[in-house]
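J.: Using the sequences provided together with the hints, build the complete structure.
Chains as they are written, first to last, in this note's numbering: chain Z, 50 to 366; chain Y, 4 to 254.
Careful: at least some of the hints might be erroneous.
[Claimed, not checked] Below are the DSS-like pairs computed for lysine-lysine, each with C-alpha atoms no more than 30 Å apart in a straight line:
{"#": "1", "chain 1": "Z", "residue 1": "Lys158", "chain 2": "Y", "residue 2": "Lys74"}
{"#": "2", "chain 1": "Z", "residue 1": "Lys158", "chain 2": "Y", "residue 2": "Lys242"}
{"#": "3", "chain 1": "Z", "residue 1": "Lys154", "chain 2": "Y", "residue 2": "Lys117"}
{"#": "4", "chain 1": "Y", "residue 1": "Lys74", "chain 2": "Y", "residue 2": "Lys117"}
{"#": "5", "chain 1": "Z", "residue 1": "Lys180", "chain 2": "Z", "residue 2": "Lys154"}
{"#": "6", "chain 1": "Y", "residue 1": "Lys117", "chain 2": "Z", "residue 2": "Lys237"}
Note that these hints are calculated values from the structure, not bench results.
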Amino acid sequence: MSAVQQLFSILLNGLQLGAIFALLGIGLTIILGTMNFLNLAHGALYLIGAYAGMLIMRVITLRTGLLMDLGIQNLGLGWGFVIALFLVPLVGFVVGVLMERLVAKPFYKRPHTDQLLVTFGLALIVEELVKQVIGGNTFQSQAPDTLLGLQVSGPISLPIVGGFPRWRLVIILIAFIVIALTWLFMEKTDWGLIVKAGTLDSEMVSLLGIRIDRSYALVFGLGAALAAFAGLIGTTFETVRPQIGTQRALVPAFLVLVVGGAGSVRGAIVGGIVLGTVLAGFQQSYAQWADIAMYALVALVLIFRPQGIFGSVEVEE
Amino acid sequence: MSENGSLLAVEDVNAYYGESHILRGLSLEVESGEICALLGRNGAGKTTTVRSIAGATPPVVRSGSIHFRGKDLTDVPPDDRSIGGIGLVPEERRVFSNLTVEENLHMADVSRNKSNLIRRNIENPAETVDVNVIYEAFPRLDERRDQLAGTLSGGEQQMLAIARALRQGPDLLMLDEPYEGLAPQIVEDVEDAIDRINNEGTTILLIEQNAIAAMAISDRCYVIDQGEVVFEGPSDELKADEEIRQQYLGV
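T.: This is the structure in structure tokens:
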């Protein structure tokens with residue numbers, strides 16, 4: 050591979066990783082920004098999205114877990130990716146709204162430490178439930194062969210880059226459509242206006258006659274839907290197991306938050322792409338340094354720009 | 004209107020920040036149509052008074068009552084008070100710096116959305132003022148509609164904070180230190196704006212540390228110290244009362 054080829058391939062892989070990071074970061078950042086609520090269960094929403102996606106798309110064979118003990122060997126609906134694309138965000142939204150009403154709401158006025166403890170507990174419960182019921186083993190990723198009649202598997206020959214997995218291009222496309230829709234929602238609707246204003250000064254919003262806690266459930270649901278959608282996308286190119294919520298979703302989402310800035314959707318998108326590109330760059334060159342490079346970048350941001358690229362609030366000490 | 008006809012009646016209010024007792028049996032009344040000034044030194048309890056009236060927490064009002072147009076506000080949340088006609092231009096302006104001027108002013112329309120008002124029982128919601136009327140009154144804001152509020156000058160931000168509150172069509176407009184940090188020329192502009200708003204029928208409660216400026220514009224004054232009213236009367240009377248001015252206002 051020539052250097053230019055290498056560079057473009059890194060950029061494409063970076064966009065793909067970055068889009069998923071951005072989807073995770075947007076949810077976390079708007080929840081933190083508007084409600085001043087730190088949600089360590091955000092990764093659990095990714096986990097729920099991944100398993101829900103897997104079970105809607107395909108039929109899996111159980112090897113361990115409660116359901117297998119009850120005699121169920123094959124689980125799943127096998128409805129395919131397109132149906133999952135619509136259903137999984139819906140599942141995420143409903144779970145998010147329930148999470149907001151039942152778990153988050155009673156803790157809005159409590160210190161961050163309490164919020165961290167209760168949401169971390171919730172994350173552990175979800176992870177353990179999945180492990181006990183569906184099993185602790187790893188399921189292989191599976192991408193669809195065709196999508197609406199178009200072939201989406203196999204490599205495609207791109208100018209400059211050369212051969213590139215077709216499915217990765219599709220992921221980039223779908224993820225950025227969802228990000229664009231979220232962006233439009235934030236920029237063009239009154240709900241988005243409330244969220245943006247609330248991120249800066251939620252008390253002032255209520256002093257202007259707006260019952261802001263009504264938008265909290267919606268914001269939480271929206272953030273959850275995006276995280277679940279990221280989980281669905283994840284199942285098509287990465288293995289699925291109960292630990293992915295924390296490892297592949299929660300940690301990246303927080304890194305995105307630090308880089309992009311708390312409360313900024315724009316920051317989450319840019320932060321996600323920056324982190325994704327750095328990660329992809331190292332994965333293709335010095336793979337063993339990839340994670341370290343990502344944390345080093347975050348550390349640099351914390352030292353030189355503690356409020357993040359687009360943030361208005363500094364990270365608390 | 005309450006029994007005695009005041010637009011706003013604060014009676015014997017005790018308000019706390021945590022365990023600190025800030026307002027100690029504070030009472031005041033604002034009559035319909037007047038400009039009433041609330042004066043006092045830094046830390047006297049002026050902002051606590053305004054926040055109590057607006058319904059913001061903290062402070063927590065542990066006893067006493069606040070009536071607006073005769074209605075007890077005890078169980079009325081801040082968002083309902085705003086729609087009911089209590090407007091606030093808060094200390095340090097608090098415009099949404101990440102929104103444009105137009106979006107800041109649009110918040111009044113958002114507050115009157117059906118989805119925002121549903122399942123809320125608000126008697127006599129105040130009628131919002133058309134945004135073009137506001138732009139006519141504040142031409143500088145008209146020129147800067149699409150600019151982010153954070154990029155405005157201090158004076159323009161103050162005008163925006165006032166305009167944002169006015170769009171809600173309040174019967175009572177509370178301004179918390181509107182002159183703070185503004186150049187003398189801009190202070191005059193803000194004073195003119197307050198005068199004009201009042202002439203058009205909005206009652207004003209003006210909170211100021213700058214006693215001279217406040218006495219000049221107001222009809223009546225309250226001076227508070229350590230959460231208690233130490234003077235009330237026409238502004239001219241306060242101008243003549245050197246002792247009170249020296250002791251509580253330092254002028």
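J.: Against the structure, test the hints numbered earlier, and report the numbers of the ones violated in rising order.
T.: Going through the list in order, the structure violates hint 2 alone and respects the others.
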